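Student: Read off the chains here:
Number of protein chains: 2
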Amino acid sequence: MAVTIKDVAKLANVAPSTVSRVIANSSRISERTKERVREAMEELGYHPNFNARSLVNQQTNTLGVIIPSSAKIAFQNPFFPEVIRGITSKAYLEKFGLYLSTGQTENEILEEVRQMVQSRRVDGILLLYSKVDDKVINYLIEEDFPFVLIGRPYEAEAMNVSYVNNDNLKAAKTVTEYLLLLGHENIGFIGGNLDYVVTRDHKEGYQQALKKAGVESKEEYIVYYDEIQEGGQEAVIELMSLKTPPTALVVADDLMALGVLRMLDEMEISVPEEMSVVSFNNVMLSELSSPPLTTVDIHIYELGFQATDCLIKKIHDPKQPTKKIIVPHKFIKRQTCRKRIPEKEISS
Amino acid sequence: MAVTIKDVAKLANVAPSTVSRVIANSSRISERTKERVREAMEELGYHPNFNARSLVNQQTNTLGVIIPSSAKIAFQNPFFPEVIRGITSKAYLEKFGLYLSTGQTENEILEEVRQMVQSRRVDGILLLYSKVDDKVINYLIEEDFPFVLIGRPYEAEAMNVSYVNNDNLKAAKTVTEYLLLLGHENIGFIGGNLDYVVTRDHKEGYQQALKKAGVESKEEYIVYYDEIQEGGQEAVIELMSLKTPPTALVVADDLMALGVLRMLDEMEISVPEEMSVVSFNNVMLSELSSPPLTTVDIHIYELGFQATDCLIKKIHDPKQPTKKIIVPHKFIKRQTCRKRIPEKEISS
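Going down the list, the protein sequences come from chains A and B. This note's numbering applies: residue 45 is where the first sequence begins, and numbers increase by one. This note's numbering applies: residue 45 is where the second sequence begins, and numbers increase by one.
If you're looking for bench data, these hints aren't it; they were derived computationally from the structure. These numbers come from a predicted model, not from an experiment. Errors might be hidden in some of the hints.
Note that the list lumps identical chains together, so a pair holds whenever it fits in one copy or between two copies.
With a straight-line Cα cutoff of 25 Å, these simulated DMTMM-like cross-link-like pairs (lysine to aspartate or glutamate) come out [unchecked claim]:
#1 Lys383 x Glu310
#2 Lys179 x Glu87
#3 Lys377 x Asp309
#4 Lys78 x Glu155
#5 Lys175 x Asp211
Go ahead and model the full structure; you've got the sequences and the hints to work with.
Tutor: If you want it as structure tokens, here you go:
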């Protein structure tokens with residue numbers, strides 16, 4: 045039943061070895077012959093065995109996509125599906141497939157990446173996150189394997205790493221300045237996992253804004269939570285238990301901010317009347333929350349799309365220079381922030 | 045630099061051809077020799093070229109995951125990331141990788157599936173949705189390629205298809221009966237895309253409940269929207285413009301229900317006082333909405349996990365009988381439904 049190279053050779057009136065060379069896109073075959081063979085392949089519905097072809101032309105047309113402990117955390121946050129949406133769009137245009145990592149711990153992921161690289165399962169790798177002292181990044185640099193990072197490398201020495209990132213420091217600085225301008229001085233910071241570079245950039249931006257405004261940065265206002273789902277809720281309990289609770293919150297991401305809104309609602313602290321909240325990412329549901337979230341659109345889709353574009357270019361031309369692409373962010377003012385009303389003026 | 049089969053052969057003191065046979069797990073090699081060769085591979089850090097190994101043992105240890113027009117719609121709905129989370133967990137345990145489809149239209153996806161099958165890029169396929177008259181399903185049946193469907197085949201003749209599904213008809217019947225018991229008679233139905241089998245099952249369940257209660261099913265109360273994001277909002281406009289608008293709504297999924305809540309809020313129709321809302325899926329954000337959604341937990345993660353388990357078993361043993369697995373659902377009562385108050389009793 046299955047169509048073979050011999051059938052194609054017969055129809056195209058060439059030797060079977062010529063068909064093999066056409067599949068490998070050998071420069072020894074004329075364009076005219078290639079066309080004839082390809083037409084025969086098309087006519088017979090012949091698909092070269094993928095693995096055989098990969099062995100011949102040393103290409104898999106597959107990108108490895110590395111997600112942090114995907115099953116436990118990543119796929120619960122709309123950030124990752126949205127970034128994969130961007131990756132998918134570009135990969136689709138360039139006829140690349142995607143190979144997803146499934147490891148849960150850093151060591152398991154490192155082992156998967158090793159397998160991908162050493163057994164040539166993929167042509168290049170997209171890393172969807174950047175950690176402080178990242179073993180995977182260090183390994184890929186060592187192996188000189190094509191990869192692009194979404195985020196930025198933490199270590200200054202990793203100068204040769206291509207990456208696509210937002211200016212997270214600037215974004216955090218801007219939202220904090222916005223809250224300061226609204227009259228808030230007691231501003232809480234609810235960050236994500238401190239191992240991630242983005243968390244450190246957010247915190248730095250938050251502190252720079254406070255410093256510039258001459259407002260003291262208080263340690264007890266800065267909290268970190270890993271669990272996006274419950275983290276926001278627990279953070280509110282922690283911060284509202286302080287002697288002087290904050291009147292405004294900078295929250296690591298929208299999903300966490302939803303948890304924050306939920307807990308504030310339960311405590312009957314009204315947003316934005318009694319508490320201002322601003323977060324990051326602008327995932328779809330941030331618009332659907334009640335009240336709709338003031339947030340920073342980091343163009344997640346674009347991060348995925350650009351990183352994929354950058355990686356495929358690198359695969360096609362390894363001499364491409366290292367690229368550092370910053371996707372601009374956009375402040376989205378919705379309904380969770382309001383001018384601070386001094387205590388005595390609150391009527392109720 | 046790279047370690048070769050020859051190096052392994054030398055260290056293990058066997059012929060290079062023996063190493064190849066060990067890689068292919070040939071029965072002609074004794075377990076003792078296999079162990080010695082594997083130890084040598086381990087010691088030297090030798091990883092067989094993935095594609096070469098695949099050619100030899102005819103296995104890719106990769107599952108194809110087919111998502112409906114992933115870039116445009118699927119990854120915006122938390123259903124798909126959650127189902128992939130379940131798939132990832134099981135694939136990880138069984139040391140399978142995942143290969144994601146990137147096509148946008150049915151024909152593009154069909155072409156991708158053809159490539160996967162004919163070029164042996166994957167060992168089996170997971171279909172994350174089932175459409176009426178599905179070309180991909182028909183093709184996979186024709187090719188007798190291992191696949192498992194999440195959902196159920198629409199055609200009765202597709203008897204040999206293994207699938208993992210919820211009893212969506214029953215779930216829709218239950219929620220409609222619940223609303224009827226609360227005194228609602230004018231119950232709207234906001235369904236998803238009518239091409240999907242799940243939409244038809246939901247509608248059937250809804251209508252069976254009405255019929256059983258002796259309540260007339262009105263055509264104008266039944267609407268369908270593709271776009272989950274805006275669909276819920278538009279559906280509310282359509283239904284609230286009716287001469288006798290519904291007092292309760294059965295909504296296809298949680299994300300759509302969030303759109304519904306948002307629009308009702310804008311129209312100052314309070315939930316659950318003036319409108320009851322119940323939906324399906326119980327994605328994480330359904331708990332975070334305001335008010336928290338009454339919904340049906342369909343155990344999305346479990347759907348993915350079970351389907352992957354079923355597929356891998358089929359790959360390992362093609363003689364496995366066809367399986368029809370129903371993952372039980374669970375009604376989750378939260379705060380969006382209330383007993384119908386007759387018009388005249390409403391004080392405000």
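Student: Hints the structure violates: just list their numbers, smallest first.
Tutor: Per hint list: zero violations.
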